[in-house]
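Colleague: The primary structure of each chain is shown beneath.
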Amino acid sequence: MIELRHVRKEFGDVVPLQDINVTINDGDVISIIGPSGTGKSTLLRCINMLIEPTSGQIIVDGQDITEPGCDLNEIRKKVGMVFQSFNLFGHLTVIENIMNPQITLLGRSRQEAYDKAMYLLQQVGLVTKVFSYPDELSGGQQQRIAIARTLAMDPDIILFDEPTSALDPSMIGEVQSVIKLLAKTGRTMMIVTHEMDFARKISNRILFMHDGVIYEEGAPKQIFEHPQKEETRRFIQRLSSLTYRITSTDFDVEATNEELQAYGEKLLIEAERLSKLSMALEEICINNIAAYSDTPDIFVKVEYSEKLDTLTMDIRYNGEPFKAAESESKLFQLLLQEPTTTYTESELENDPDGFSRRIKISFGWVEE
Amino acid sequence: MRRISNIAKKALLAVLILLLPVCLFAADSPDAETAEEYTPEFKTIEDLNGKKIAVQTGVLYEELIKDRIPDTEFKYFTMPNDMIQALRSGKVSAYLVEEVGFGVQKANHPELDRLEEVAGYIDASCIIGNNDKQATLLAQLNEFIRDSRANGLLDWLYDYWIADFDPVNDTCDIGNFTGENGIINVAVEGGYEPFSFVSNGRLAGFDVDFVCRFCRAYGYTPNFSEIPFDAIAPGVETGKFDIGMNIVISEERNETGTLSDIYYTCPVLVIILGEDTSELNFFQRIANSFFKTFIREDRWKLFLQGIGVTLVITILSIIIGTAVGFGAFMLCRHGRVIPNKITGFFLWLVHGMPTVLLLMILYYIIFGSSRLDGMWISIIGFSLIFACSVFEMLRVGTNAVGRGQYEASTALGYSDNQSFFRIILPQAAGHFLPLYRNEIVTLIKETAVVGYISVLDLTRISDLVRSRTYEAFFPLILTAIMYFIIAAILTRVVSRVEIRIDPRRRPQEKILAGIRQID
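Protein chains in written order, with our numbering: chain A, 1 to 368; chain B, 1 to 519.
Misleading hints may appear alongside valid ones.
[Unchecked claim] Heads up, simulated BS3-like pairs for lysine-lysine below, C-alpha to C-alpha not over 25 Å straight-line:
hint : chain 1 : residue 1 : chain 2 : residue 2
1    : A       : 201       : A       : 221
2    : B       : 510       : A       : 129
3    : A       : 116       : B       : 510
4    : A       : 360       : A       : 323
5    : B       : 66        : B       : 43
6    : B       : 106       : B       : 341
Hints were generated in silico from the structure; no laboratory data involved.
Based on the provided sequences and hints, a complete structural model is requested.
Modeller: This is the structure:
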């Protein structure tokens, strides 16, 4: 059992871990998810003290490993770690990579170490690579060897630090299936990953990290289907948004388009859909609302949901009401008639930001 | 493919080495066939105005004539022999030398000629070291010079070593000291016939004879150091040497050191190229040159001795330097402040300084008052230089091993030292051993400057032999070849190590030695 109490880590002004409290029970398979730069890897590295926390306690089997007198090398033998970049020892063959730590650190005989290594190589399906050097293997094979190396030490817990992020998509599967197999055998594991499906399938607990804290925790079903908190929901739905405030017709449409382009590239949205959105934005906001109002105030929010695969533009405004039917733009009319476009106009009451009208337009995936 | 290119390389090298003497000698004898009527180009010193004239560094003979030939450029050479070569190859039109030296030079090079007119006269004295013996020694030396002039010893020495000099058979007694008043350190040029030179493997000459007689009279034992003229003055000034011999008196010199009375006076001549009267052909010249360089006076023994010194300095510096560099690296590895500051300071100091300066500073200043001889100072200096290189190599080598390797071994439970020695170092070795090999070659070549601190290494021996034989070819080529061979042997050793420790060259059986394998 591992317990983290008020763990905090600072690198100068940056605080990747604010205040982490979590208990890892034997047999847990925990996935840590969350946006980049929220301290997921830092948290994992604190557990085997590769990164020393600034404050807080980490208790492994009743022993506080942040105490100065603690024999960290002994703890680390019980805490295995698999790295994003595999980190196999480049000067050693596959078999030595698995045997040498057992001999040096656990005092096993060469024969014992060899037998164990061969057994594990069978498990990960790489018995034929005994005398290969790491750089002769594919990324997926290297990662499987790295897992075997960790397993050979008979650790109590295995920490996986983004084990598939550095792999070609074609190799992710082979590594994931090895990890899945381990999860089934009841090993305690902790995995930092960006593969949501994978996390969902293998774990019994999900930690969602945000801004250096465990923002939400729960069973996979809860986190992925009914997230309780806003940030979790956004992350799960991959809802991230762009916002604009338009107060005159001088609004820089060019700059907006560039920003949309970048946003689209990040989320892999096709350029066609983005240009539709940009055209709608210009027609509704600039050519109509702003053009006909003395003091226009328009708030635009663009959101993309990966899960629903829709690109939505939410426009709230004060000023002359816009009626789609009255638009003189032929292109805009055509756009509204497309089956993948949904368009609604409504009046707002009690809007927290004080807007009185809303237009929502969303673009779905167009089948070729 | 690789083997073929190696053979080709060696063959090319051999051809080059064989061609070199031919080229040199061909260039050397353009005048062999032109036996026309000879008229000297220069008759007076004024004829040389605007030409280049060679002078030995540190002797200041140019002061004697420079007012008469204002447009002349003086070229400075370390050894008289180099001036002769410069004159023969047309790099200078004349050189200045004392009458005594010319006698020997003319015997070896009959094509040399002198102007009738004498450039001037020089007075030579001894310079007394700047230490607590100074006052006593000065008084004793002056007294000895006075007495020797009175009883005719100085005249006898002048006749023996200068007027009737026999370069092969003349010798002097450099033993039989009572030494009850201690040891005095004497700096002589060593390559400056007939004042101080190596004959039959032993030091001899006017200066040497004079000092030995002085020491016997006053109960000292002399300890001679042979160093280039221009290094004598700083050595005496720092008190490293008690007496420096053969210092030409000038106004400027009087200010910097304490000089004794004059112990000889001698005319300075202007030497030009005259008629070549030698009748030796090309092969006779080679044979003659070879005989003079190696066989006469058993000079090959000197060369052996020089090789030994060069080897000892190089090998000890490599061993000590590697150990020190490695130790420093281990101390600095974790970024501890004090070792890093100290190492950083040494790196900055050693890398920023020419080797010869570092050695001279060590010899004259830092170890100025210690009795460590020049060879040990060289070993200290080169160990320091090599340690700095080793430190840098290790830093580059270990940095080239990714941080992930260290993280992985730590995460497995390897201790810090286990990680370093079992995981990092074996991989770093592949990165730094090629650099290490290059540094060794550099080191071997750099040791050639140790002559400046009175070490008789291969280069300095070759200089001394050249100064006696007035032959450039064999000593230079042989020295070059010796350096090649030393470098080849040492780099071969490192290459062997490189191959031996390369993990990828291990046979598979060895990897799983002693294990029952399952198939």
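Colleague: Against each hint, give a clear statement of whether it holds in the structure.
Modeller: Hint check results:
no.: 1; hint: 201(A) x 221(A); in the structure: holds (10 Å)
no.: 2; hint: 510(B) x 129(A); in the structure: holds (17 Å)
no.: 3; hint: 116(A) x 510(B); in the structure: holds (19 Å)
no.: 4; hint: 360(A) x 323(A); in the structure: holds (12 Å)
no.: 5; hint: 66(B) x 43(B); in the structure: holds (17 Å)
no.: 6; hint: 106(B) x 341(B); in the structure: violated (59 Å)
When the structure is compared with the earlier hints, a violation turns up for hint 6 alone.
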